Amino acid sequence: MANEVCFRTLEYLKQPWELEEYKSRGGYEVLTHILKNKVGPSEVVETMKASGLRGRGGAGFPTGLKWSFISRNAPGQKYVVCNSDEGEPGTFKDRDILRYNPHQLIEGMVIAGYAIGATVGYNYIRGEFWEEYERFEAALEQARAAGFLGDNLLGSGFDFQLHSHLGGGAYVCGEETALLESIEGKKGQPRFKPPFPAHFGLYGRPTIINNTESLSSVPVILKEGGEWFKELGVENSGGSKLFSISGNINNPGVFEVPLGTPFSELFELVGGMKDGRKLKAVIPGGCSSPVIPGEQMMDLTMDYDAIQKAGSMLGSGAIVIIDDQQCMVKMLDRMSYFYHEESCGQCTPCREGTGWLWRVVNRIENGKGRQEDLDLLESVCGKIAGRTVCALGDAAAMPVRGMLKYFQEEFQYHIDHKRCMVGAGPTKGLG
Amino acid sequence: MTVFKNYIKSLFLLELLKGLRLTGRYFFAKKFTVQYPEERAPMSPRFRGLHAQRRYDNGEERCIACKLCEATCPALAITIDVEAREDGSRRTSRYDIDLFKCIFCGFCQESCPVDAIVETRVYEYAFEKRGENIMTKDKLLAVGDEHESQISADIAAQAKYR
Amino acid sequence: MTDELVTIEVDGRELKAKPGTMLIDVTDAAGINIPRFCYHKKLSVSANCRMCLVEVEKVPKPLPACCTPVNEGMKVSTRSPMALGAQKGTMEFLLINHPLDCPICDQGGECELQDVAVGYGSDVSRYSEAKRVVPQRDIGPLIATDFTRCIHCTRCVRFGAEIAGVRELGATGRGEHMTIGTFVEKSVDSEMSGNVIDLCPVGSLTAKPSRYKARAWELTQHDSVAPHDSVGSNIHVHTRNNRVVRVHPKENESINEIWLSDRDRFSYEGLNSEDRLTQPMVRKNGEWQEVEWQEALEFAVKGLQSAAGSDGDQLATLVSANSTLEELYLAQKLTRGMDSGNIDHRLRQSDFRLDGNDSPVPGLGITIQGIESLDAALLVGSNVRKEQPIIAHRLRKAAKSGAKVSFINPLWIDLHFEADQFVSTPAVMVDNLASIAKAASAKLTGNLAKLVKAAEVSETAKSVAEQLKSANNGVIMLGNQAAAHPDYSLLVVLASAIAEATNTSLSYIPALSNSVGAALAGALPHRGPAASLVEKCGANAQMMQSKPRKAYLLMGAEPGFDFWDPSLINSALDQAECVVALTAYHSESLASCADVMLPIAGFAETSGTLVNAEGTWQSFNGLVKPQGDARPAWKVLRVLGNLLDIDGFDQNSSDDVLEELKSHAAETAIDNSVSTKTAGELNSSTEGLYRIGDVPMYASDALVRRASSLQRTNSAEPAAVRLSANQAKSSDVEEEETLVVVQDGNRAQLPLIIDPRVPDGAVWISSALPGTEKLGGQFGVVTLEKA
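Protein chains in written order, with the working numbering: chain A, 1 to 431; chain B, 1 to 162; chain C, 1 to 787.
Derived by calculation from the structure, the hints in this document are not laboratory data. All values reported here derive from a predicted model rather than from experimental measurement. The beta carbon of each residue, even a glycine, is placed where N, CA and C say it ideally should be. A couple of the hints might just be wrong.
Said to hold, decoys possible - Listed below are the simulated SDA-like cross-link pairs for lysine to any residue, each with C-alpha atoms no more than 25 Å apart in a straight line:
| # | chain 1 | residue 1 | chain 2 | residue 2 |
| --- | --- | --- | --- | --- |
| 1 | A | K193 | C | E162 |
| 2 | C | K400 | A | P195 |
| 3 | C | K397 | A | F200 |
| 4 | C | K131 | B | E60 |
| 5 | C | K213 | B | I64 |
| 6 | A | K309 | C | P60 |
| 7 | C | K18 | A | P195 |
| 8 | C | K400 | A | Q77 |
| 9 | C | K41 | A | P195 |
| 10 | B | K160 | C | L100 |
| 11 | A | K186 | C | V134 |
| 12 | C | K18 | A | F200 |
| 13 | C | K131 | A | G382 |
| 14 | B | K160 | C | S122 |
| 15 | A | K368 | C | R126 |
| 16 | A | K193 | A | G117 |
| 17 | C | K61 | A | A310 |
| 18 | C | K61 | A | G60 |
| 19 | B | K137 | C | K213 |
| 20 | C | K536 | C | W617 |
| 21 | C | K131 | B | D87 |
| 22 | C | K61 | A | G382 |
| 23 | C | K400 | A | E181 |
| 24 | B | K160 | A | R370 |
| 25 | A | K193 | C | L5 |
| 26 | C | K662 | C | D650 |
| 27 | B | K137 | C | A214 |
| 28 | C | K186 | B | G88 |
| 29 | C | K400 | A | G76 |
| 30 | C | K88 | A | F192 |
| 31 | A | K186 | C | R137 |
| 32 | C | K61 | A | P195 |
| 33 | A | K368 | C | Y127 |
| 34 | A | K193 | C | R79 |
| 35 | C | K131 | A | N366 |
Claimed, not checked - According to the in silico footprint, chain C covers these stretches of chain A (three or more CB under 8 Å from chain C):
| # | segment |
| --- | --- |
| 36 | 329-343 |
| 37 | 351-357 |
| 38 | 385-395 |
One chain only, chain A, in its complex shape:
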């Protein structure tokens, strides 16, 4: 059942990123079909809606619904933007798509452009993904040469230009409006919403922004049908999903499995823990999602609803597996520092709060914690969450709250004994 969508071509091909190889497994057939037979854009959008595909970037907003917000016939320029600014710690799935299956993404973006009537698309690639950027550029060249990009695609009269844009290395540019600002050449700072990009997006024009994985899924969904995709997964979580699994496990990497797969199966897939370590906890959806203790996780299935019920989020599907040798305080120290460094500085709670959180966690980690610090952390989190322009503030607060919820005794131990509860010396960080 695995590798049905984004990775469907990979195991059959030697160099799946080459146009010819991609075409040999049915690549660009869907696009050709749509353009040749003039499939109605509304039909495309309906299929997407039927597929139940939820945005794979983290928020999980239904993709088809997002597309339907833009009227195809509205005058003026519209844009399709792909968010390949994969900055969430623990996530590395979009990189593999760009690396191994760039043409499927291109095909998906052209179809998206066709569906909403946009003639220009941008792929915003994370600043550190230099190799992937070059590979994507090469794929663009091939697609242009083959007539899948440019003016009058396959004689259909539909034009679509696609450009890639390399980011400057800011996590916050993964936020859709900050990403738009960055493409516009401004400082990457989120805009306040509403208006949403569907009305006021890139250069003030209607824009759809989707994650790399979402857009890469489009050709397969249209080929196999929305129902097929939906039935891959479970209720309210259609399709299959890429999971980036990391930690001290035997076989870390990116795995495509249907949504609703039990975590225990995934855990087997990655070969279990390394060196006889024990599973302690799991961060199920990237660094910003609250941690879930290992034993609770083993009973969960990997879909949006189940994880949410457990008090966390599926997010971008970045599963960080934490073993019993890891100190949670040290881990939170690293994570908080990340948010402190990556806050854009625009709005007050995030600019000031993330730094405060990190400093408090850091002092606990360094044996200078005070008893009141745990309450202080909780209180500061409460003052950040839900009060910022974008979700970065929530992302910084959630892991702290999660850690305090399940692993308070480790923090208490740090405060009381000025050292780690696990292991004797300094511990290793994220796997």
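We have chain A; now place chains B and C onto it with these hints.
Leaving out everything else, chains B and C in the frame of chain A:
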């Protein structure tokens, strides 16, 4: 009868002796008269006497010319002019306290964010000419320099109540 | 557009509002206070401070009131536990990195952060780590910075982008490291830069000239009117101990909104200049002596009577149009009382050929606010941005909403909005305007008809004429450089004819704060009070100088700096028997030629009235005592009138003077009509190197020339010869070389700067700057020699 009682009392000088008993008690008791100026009465660390301006240990004057004392002074006894010193720091170019106006309420000391203006235990001063009643910045600093150890001890003693 | 109102409920009160209005605007109008830092009614919404979070029913999270549009039935609580919790939370965050240096902060006592902290802050900080410190930055002589105090509201950044039109301040860095700064250590040079001081809610940006001068609670606030440009910006003057400490704008939506130009804001420094004349002085046997008023006045009267007593025409009165209405009125009354018609305020004009047919009361003709709704404007000879920053700001607003603005100028000017500029030497400017007149088929006669007929209609002229014709609301504005142009009369008549042909209006941008008032007061040789033509026309400013008189009365004008041709006035004054100068300053250029100097009160020291460009009369009181023995000029003139035995000098207050003038001129409005269709021959020529002499922004009058901080800005450049690279090559001179400028036999040594803003065939030598006070007219042929 009454007349007779009074006669006896006055004959044997009883009232005199009664009075002398009190005198005698105090004559032999421990004396509490303070022989000022040779002797001094004890003083509270909160005593509000002559004003002084303090310095930091490195000799830098504490006053930053925030003018809060001037604003809070109920008798309008304080006059301050401010200028940026050569190094750009905010300093007073004039700091006068008119002791004729001052009511020694201590508000200036209360309001000072840097403990620069204080009221010392000094209360023995007199003016001979008009104009001497104005405590200029130099005079205030001189008082502060002279009594710094006492001032800092007094401030330390009160610290927990502030 | 439907005007239907929606009903919302805020804290239990029902409010009506237009749908889509931001919540904070609605609550502000209703007097419900929501704390805020980044929101400002004149700037775009950025919603970054998160201080205005309020609870909206059915919304799980608190919403920022500044960017939440109102909807029907919305229920808002601004003080519910959720709202208060959010506000207090934000306050705590803002304070953790804000230094506790309120005692030495100039904003202390008038700080928005302090105020809001009293309501929403906690008395104890839970933050015990090191606070953020930002290194000091010097951004120029006007604005003191301390970015450690910054709360990152970005009001200053938005001001630059949206109001000043120059992005001089920006936020660099990310997260906690975000700081406000200039681009690579540049200074902030906008002519409106001082407004960021008012906008800054904390003490990050404070006024450098008044740094540490006073705490907010010591200041007394007075209302007044700015004394420089013709906008008449409303101001608050803050005084302490009988000294002006600083100037702030006063809100007046129809004039300056809430803005103030730097010149109006910082020029008060000139009041306390060492140059102030504090005691009357007379020249006895060639030596200046300080004397008492009585003696000085008698000396002046004797001098005036002996020089001009028998022949009124021998008295010439030259007054600055920065004087108040009362002063100007009394000056003309005194002059006419001595049987002389020789009075003029147009010291920077050289072409008076239109007098009699000129516009009676030249002014904007539209309201200052009305400039915003223009859809086409042609400006002739105007560097409006430097000369009248508030008018330029209004023009910018018009241009932003689609108005087509074009300039016919002798110099390329830096603008903060989109406009077409047609730049040429002064003589060609007339041709350019004639070309537009032809394209617009303007009706002219005589000489000008010939000129227009000979003009070639260029594409640009066609497009400008077309823009003006198609505009519903268009103007042709004549600026300060047009007024100083040797062919001003031609420009006026051409402009007036174009305005008529294109159905637009003719507009003048008066140069000084009371130029309009001077016309109303009758400080003109051919027009008396209320701009009525007089029977016996006196000599105009030019004639008074070219044909020297025996007695001169100067008011508020310095010969080397306030006149079109410094050399001409100097020689006239040198030949006079008696020169009486009413002046606030002791200047070299006066001391060398005057016989009596009477110290008069400066800005903020006298009561009076100024009439601004749109014709609004604005009166103000004297706010501080004049320095030394100086007296308000109207009092001096009044006593002079008495001593000269002239009737009608028995006013007891400036109000009396004003009432007297009002009985003549209260109903007189701006009148830009021109009653002729022709003008004389062209004065300016295309032969030789033609000088263009503008008046730099910070040299426009005696007060601003002595405002030391303004004089240290980059905008206050020293005098120089400026040539285009082409012209320098053909004149065989090189950059930074010191040149001798020869104009009408006068010589001055000035450095050469290559400046692309100067057209070929012209040389730009600003007037009113030290180094140019001996040169000739603002426009005219010069030759350059090597030093």
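(request) Just pull the numbers of the violated hints for me, sorted ascending. (result) 20
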